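Student: These are the residues of each chain, in order.
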Amino acid sequence: MNALLTLFDLLLTLTLLGLAVVTVTSRELRRAVILFIAFGLLLALVWARLRAPDLALAEAAIGAGLSGALMLAAARRASGRKTSTGEDSDAKDAP
Amino acid sequence: MNFDAWLPAAILLSSMIPGMLIFLLREESHRLRTVLNMTGALLKLGLVIWMIGGVYDGHRYETRWTLAPGLDLVLRADALAVLFVALSTLLWLVTTIYAIGYLEHSPNRSRFFGFFSICVSATVGIALSGNLLTFVIFYEILTLATYPLVAHRGTPDAAHGAKVYLAYTMGGGALLLVGAIWLQALVGPVEFTQGGILGVSPEEIRIELILIFFVLLAGLGVKAALVPLHGWLPQAMVAPAPVSALLHAVAVVKAGAFGIVRVVYDVYGVEFAYANGLLVALGILASVTIIYGSLMALTQDSLKKRLAYSTVSQVSYIALGASIFGPIATIGGMVHLVHQGLMKITLFFCAGNYAETLGVHKVSEMDGVGRRMPWTSLAFTVGALGMIGVPPVAGFVSKWYLGLGAADAGSNWVIAVLIASSLLNAAYFLPILHRAWFRPAPKQWPQEHRHAGRLEIAGALLWPPVITAVLALSAGLFAAAPFTPLEWASLIAEREYGR
Amino acid sequence: MMIDALPLSVTLPLIGAFAVTVSPGHARGPGLLAALLTAASALSVTAAVWSDGVLRADLGGWGVPLGIALEADGLSAAFLAMANVVALAISVYAGGYFKQESARHFWPLWLLLWSALNGLFLATDLFNLYVTLELLGLSAAALGALTGTREAVAANLRYLLVGLLGSMSYLLGVALVYAAYGVLDIGLVAEAIEPGPIAWTAMALMIGGLILKAALFPMHFWLPPAHANAPAPVSAALSALVVKAAFYLALRLWLDVFAPVLNEAAANLLGTLGAAAVVWGSWRALRAERLKLLAAYSTVAQMGYLFIAFPLLVATPPGLARDNLLAAVVLLALTHGLAKAGLFLAAGMVQKTAGHDRIDDLGGAAQALPAATFAIGLAGVALIGLPPSGTFLAKWMMLEQAMILGLWWWLVVMMIGTLLAAAYIFRVLSRAFNREPTPYRFVNDARTELPALLLGLIATFGLGIAAQPLWVLLEQGAFG
Amino acid sequence: MIRPLEHIIIPLGLIAVGGLLGWSFFLAVTGEAGERLAAVALARVPDSGVSNPVTSVLLNFRAYDTLLELAVLLAALLGIWSLGAAAPGFQPAASVLDGMVNGFVPLLILSAGYMLWVGAYAPGGAFQAGALLGSAGVMLALAGHRNAGLPSEGRLRLLVALGVFVFAMTGLLLMVVGDGFLTYPPSLAKWLILLIETAATLSIGATLAAAYLGGRPAARPTTGETA
Amino acid sequence: MTGQVLYSQLFYGGSGIILVLLGLWSFLVHAPLLRKLIAINLMGAGVFHMLVAIAYRGIDTSPDPVPHALVLTGIVVAVSATALALAFGKRLDQDDD
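Residue numbers (this note's numbering), protein chains in the order written: chain W, 1 to 95; chain U, 1 to 499; chain V, 1 to 480; chain L, 1 to 227; chain H, 1 to 97.
If you are wondering where the hints come from, they were derived from the structure by calculation, not from laboratory data.
Please read all numbers here as calculations on a predicted model, not as lab measurements.
Check before you lean on any hint, since a few could be wrong.
As the list claims (entries may be wrong) - Here chain L is said to cover these stretches of chain V; the calculated rule only asks that three of the stretch's residues, wherever they fall, bring their Cβ under 8 Å from a Cβ of chain L:
1) 100 to 114
2) 119 to 133
3) 169 to 181
4) 285 to 296
5) 322 to 330
Said to hold, decoys possible - Selected chain V positions facing chain L (Cβ under 8 Å, derived; list incomplete):
6) Ile3
7) Thr11
8) Ile68
9) Leu138
10) Ser139
11) Ala142
12) Leu146
13) Glu151
14) Ala152
15) Pro195
16) Pro197
17) Ile198
18) Thr201
Said to hold, decoys possible - Residues from chain U that keep clear of chain V, each with C-beta distances beyond 10 Å, as calculated:
19) Pro69
20) Glu140
21) Gly173
22) Val178
23) Val363
Think of the CB as a built atom: it goes at the ideal place given N, C-alpha and C, for glycine as much as any other residue.
Full structure from sequences and hints, please.
Tutor: Written as C-alpha cells, this is what we have:
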C-alpha cells in the first residue's frame, strides 16, 4: 500500500508542479488563468489526499473558483482591449 | 517651590512666552503686541537685576531639568552668565522700543516680534547654559529664530542673505554638535565648571581633546565670525536695522564669542588650554580676524557693510582676550563683550535712522548729516570713538586691559595687533565723522522722510541710540564704580583664576 | 463584568468601520466618534502599562500555545500611544478635508487601517501578525488611491503588490518557524529558538519581508510615488504610521524572537542599507519639486536612521547603555511619526490653498497660512533633528553611543543626513517669506490647521523637553 | 539576447533561496518539533462547541484571526468600491446559460446552507458556504444579472459588514458580561459559533459576489432578489 | 512520527518550496498585473502547501488542525488581495481608454 501511495503522491505532485510551470510560462494570459484554475483544483485534490478536506473545499471554491473567475474576467477585458486597440495584452504594462 | 531653582527658567520664559503669544495675535493688534513685548522686556530686566544682586552675594541659581536619562538641561547663573544675560536683557529692551518704531507701518509684525522674542530667549539660554548640551540646544534655537528675521523682508536679496546665513550657521551648528557629542562620549556629561573639567583628563585622550577643541572652535567660530568663517555676516545685512543691531551686538556673534570663552575657561580650563598650545592658535586666529575685518571695513562704501566688517574685527577682541593667559587680558576680553555690544548697537541704530529719515545708506552720502540729525549723529560719534578706543568711551577700557594683559603675559605681538587695529579703526571711522560734521549737506537727500514732530525723528527711534551711547560713555567714565561691566569682569576673572 | 482595553482598541474601530459602512452618507459623525473612542481605549492601554506594567489578554480564554493573546509592554504601549494620537489628529483633519463622495470611502477604510495598526502593535502571535499586516497593506493601498488620479492608482497598485510580496515572505518565515518549533506565540518561539540555519532563514524571510514594507533602501522605490500622490491625511497615515508599523515589527522580532541568533553581519547589513537610505532619501528630497514628494523622500531617509540603530544595538552590551539606546531609537521613531504626520497635514493645507504643491511657487500660500507654515517649520525642526525636538535627543544619544563604541562612521552618515534635511526643509520654509503683505491671521481653518500644528508641537516640544516618561514606559518589559 | 538580471541574477538568487529554504525546511521537519500544536488542539476540540477541529480552531481557539480576516475581506471590497463604479452591464446571457443558471443558483444556495450547518462536525463551514454563495452571485452575473442578485446598496452594505459586526459585538459582549473577549461559555459555544458563522457566510458570499462585479453597486437595483 | 509521515511532509513541503520559487520567479520577471497576481497566488499556494504538509500526520491519523486554519485564513486573504489588485488594474485600464 505504501508503494502505491508513494506512486500516487509522486504522480500528483509531478502533475501539480507541471501545471504550475506551464501556468507561469504560458504565453497567453487567458490560457495562463485557465491553467491556474486547473492548478488550484488539482491542489485541492492533493490537499484532500493530505487529509485536509476543509481546505480542499475552500481552495476549490475560493482559490480556484472565485480567484479564477475574477482573473478570467480580467483576462477577458484585457483581450477585449487587445482586439479593440490592437495592443498585445501580454505586453500591456503593469506598473 | 524653591525660587533659586526657578529664577533662571523664569528669566528665559519671560521673553519666550510673550514671543509665543505674539505669534497668535492678528496683525492689527498693535497695542496688545506692544504691551506683551514691553511687559516681557521689563519683567526680564527686573528679574535680571534681582539675579545680579544674588550672584554678587554668592547665591547659586540653578534650574535643572532632565530631558532624558543622562541628558540634563541646566540653566545656571554664574558671574560670566550674568554678564551676558544683563547685556542681552538691557539691549533687548532698547531694541524692542527701536523696532516698534522702526517697523511701524511694515507688514508681518506678529511674525517679526515673535521670532525677535524667541531670539532673545535663545541668547539668554546660551548665556545661562550650565552644560555643553544646553549650550548646543540654545545655540541651534538661536539659528532657527534668527533665520526668519534675516529673511523677513522677503526680497530676493533677503532670501539670498538668509540662505547664506543658514548655510554657515547650520554647518557651524553641525560641527559644534559633533564636537560636543565626541567630547561627551570621551569624558561624560560636560558641565561648565570654573577652572575647566579637563585638567585631570588622562594623557592618552589628549590628542583627541585637542582635535575636539578645534572642531568646537570651528563650530563656534561661524557665529563669532572668525576668519575664514565670517562670510555670512556682511550678507546678513539685508535684515531690518533692529535685527542687524541685535545680531551684531547681542545675539549671534556674541553667542559665538561667548561660547569660545566658555569652552576655553569652563570646559578645557585656561591652564589646560595654555599648556597644550590651544591659546596660541586661538590668539592667531583672533588677530588675523581683527586685522582682516578692519581692512575689509576700510573698503566698504555701504555704511551697514562697513559696520558689519567692523563687527568681524571687534568681536574677535573677546576671543583675543580669552587667548592670552592671565587675568588682566581675561578682564579685557570679557568686558569687551559688553562694551562692544553697547557701542555697536548704537552705531546700527544710527545707521537705521539715517536710512529711515534721509535714505542714506552709503558712507559717501553722509556729508552733512550731523547738522541735519544732530542727536543721532552725536550718538554715532560716541559709538565710533569708542570703537577706535578713544578715552573715555568704553572701548578704551577694553583695549587698555587687553594691552596690559598682553604685556603682562609677554605677548608683545598682541600689542602690535591692538595698535594696528586701532589705527585701522580710526581710518574707517574718522572719515565718516568728518563727513557728518564738517562737510556741507547736499541739496537733496537720497530719500527724505521729514518727521512731523519736534525731534529729528520719532522718539522710539531716537532715544534708543542716545541711551546706548550714554551707557557706552558711562561704562568708560565710571569704569571703576561698583556693578560696572569692568567690575563684573574682574569678578569673573577672579573666580576663573581662583584668586 | 470587565472591560479589557486591549481587545477594545482593536474592535472599536472595526465596529466603527461597520457603522460608517452602513451609513455612508453620514460617515463623519460616527467616524469621528469611533476615532475618539479608539484613541481613548488605546491611550488607556498605554496609561495602564505605565502604571501597572505589562498587560496581557488571552483571547478566547485558551491561553497560549493554542489561543491568541494580546499583549502591551512598554514598547508596544509607546508605539500605540503615538499611533493613536496621530490617528486621532488625522481623523479630525480628515473631517474637514474630505468632501461627501470621498468621505464615504475614506472613513471605513481608515478605521479598518487603524484597527490593523492597533492589532499589530498588540499582537503576540506570529500568524496573527500576518493577518494584521495584510489588513494594513490592503486598506493602506486602497486609501492611497483615493485621490483617483492615474499616478495615485498606479503607485498604490505597485505598493499593494510589493506589500503582498513582503507579506508572503513574512508568512513563509512563519511557516518555517511553526514547522521547526511548533508554536506561534512570540514568547514561546523565543524560548524554543536556537542559532542555526532555520532561525537564520526565518529571520531573513520575516525581516526581509518587513523591510520591503518599511521601504528600506533599496526597497524604497514604491514609497515616494505612493505617499506623494495619496490624499494628505492618508499620506500622513502611510508615512507616519504604516511604514513605522513594519519597522516596529522588525524591531520587535529582532529584540524578542531572534535575540539569541543575532549576529553583527545581519545588523551591519541593515545599518548599511539604513545609511544608504539616509543619504539617498535626503538627497532626493532635496531635489524634489513637489512638497509632498519631498516629504515622502524624507520618510525614506528617516526610516534609514531607524535601521542604523540595529548595528549599534548589537554592538552595545546589555545594560543601561543599551536600554538608553533602545529608548533613543523608539524616541526617534515616535518623533518622526508625529512630525511627518504634521508635515503632510500642513502640506495638504498649503496644497489646497495654492491648488498645487510645487515648492518653487508656494510663496503666497505659505505666507497666508501662518499656522500651517508653523506646523511645517515645527515638523521640519523635528525632521532635521534640531533642538528642542525629540529627534535631537534621540540622535544625540545614538551618536554618543556610536562614538563610545568607536563606530564614528555612523556619526558621519547621520550628520550628512542632518545637513541635507536642513537644506530640504529650509528650501520649503524660505518660500514662506514673501514681499506681498498678506492678512495675518494665525489660524484660518481650525479643524485642519490645529491637528497639524499640535502634532508638530508634540514632536518638537513635547518629546524634546519631556522624553523622560518614555523611559518609564519602556521599563515595562522592553528593557533588559 | 541575454538580459543579465532576468537570465542570470534572478535564477541564481532563486537557486540560493531555494537551497536555503529547502535546507531549513528539512532541518525543521526532521527536528524536535514533534506534534506541534496538533495534540493540544485536538484534545480541546470537545470543549470548543463544535467537533470539526478546523472549525474549532477557526471560530474558537483562533477566532480573533478570523475576525481580522473578515475585516481584510471587507477592506478589499471597500477598496474596490472606492476605485469606481461597476463596469456597465455584462452582455445579455445566452438563453441556455440562463436556464442553467436558474436551476443552478438555488442549488448553490441550498448547498451553502448545508455546508454552513455541517461545518460544525464535518468538512465545511462559513468560508466554504460563503464561497458557494459567492459563486451563485458570480453565476448570476455571468447570466446577465447586473447586480449579481445582490440587494440594493443600502442593504448590500449591511450585508458585507455584518460578519465583522456580529463577530466583534459577540466578542465584546462576552467580554462585558462573560469571561473575556470571544471567550464562549461552553453551553452557548455551539450556538454562538453558528451565529457568527451565519453572519460571516452572508458577508463572505455578498462580498465575493460584489467583488466580482468589481465596482460600486448601481444606485438602483434592477433585480430585487437577494443572493 | 513514522518515517512514512516524515517522508510525506518533506516531499510535499519540498514541492511547496518549488511552487514558492516558481511564483517568485514569475513575479520578478513578468510585468503584466495579471501575471504578477497569478505568481503571488502561486507563491501563496506554495506556502499553504508547506503548511498542509507539516499538518499531515499520516493517512490514518487526524492532522494538525492549526495549520489548516491558518491556510483557510490565508486563502481568504489571498482572494481579497487578488480582487483588490484586479480592481486597481481595471481602474487603470479605464483611465487609459
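Student: Each hint should be assessed against the structure and marked as holding or not.
Tutor: Each hint tested on the structure:
{"no.": "1", "hint": "100 to 114", "in the structure": "holds (count 5)"}
{"no.": "2", "hint": "119 to 133", "in the structure": "holds (count 6)"}
{"no.": "3", "hint": "169 to 181", "in the structure": "holds (count 6)"}
{"no.": "4", "hint": "285 to 296", "in the structure": "violated (count 0)"}
{"no.": "5", "hint": "322 to 330", "in the structure": "violated (count 0)"}
{"no.": "6", "hint": "Ile3", "in the structure": "7 Å, holds"}
{"no.": "7", "hint": "Thr11", "in the structure": "4 Å, holds"}
{"no.": "8", "hint": "Ile68", "in the structure": "5 Å, holds"}
{"no.": "9", "hint": "Leu138", "in the structure": "5 Å, holds"}
{"no.": "10", "hint": "Ser139", "in the structure": "4 Å, holds"}
{"no.": "11", "hint": "Ala142", "in the structure": "3 Å, holds"}
{"no.": "12", "hint": "Leu146", "in the structure": "6 Å, holds"}
{"no.": "13", "hint": "Glu151", "in the structure": "14 Å, violated"}
{"no.": "14", "hint": "Ala152", "in the structure": "11 Å, violated"}
{"no.": "15", "hint": "Pro195", "in the structure": "12 Å, violated"}
{"no.": "16", "hint": "Pro197", "in the structure": "5 Å, holds"}
{"no.": "17", "hint": "Ile198", "in the structure": "5 Å, holds"}
{"no.": "18", "hint": "Thr201", "in the structure": "4 Å, holds"}
{"no.": "19", "hint": "Pro69", "in the structure": "6 Å, violated"}
{"no.": "20", "hint": "Glu140", "in the structure": "5 Å, violated"}
{"no.": "21", "hint": "Gly173", "in the structure": "8 Å, violated"}
{"no.": "22", "hint": "Val178", "in the structure": "6 Å, violated"}
{"no.": "23", "hint": "Val363", "in the structure": "28 Å, holds"}
Checked against the numbered hints above, the structure violates hints 4, 5, 13, 14, 15, 19, 20, 21, 22; every other hint is satisfied.
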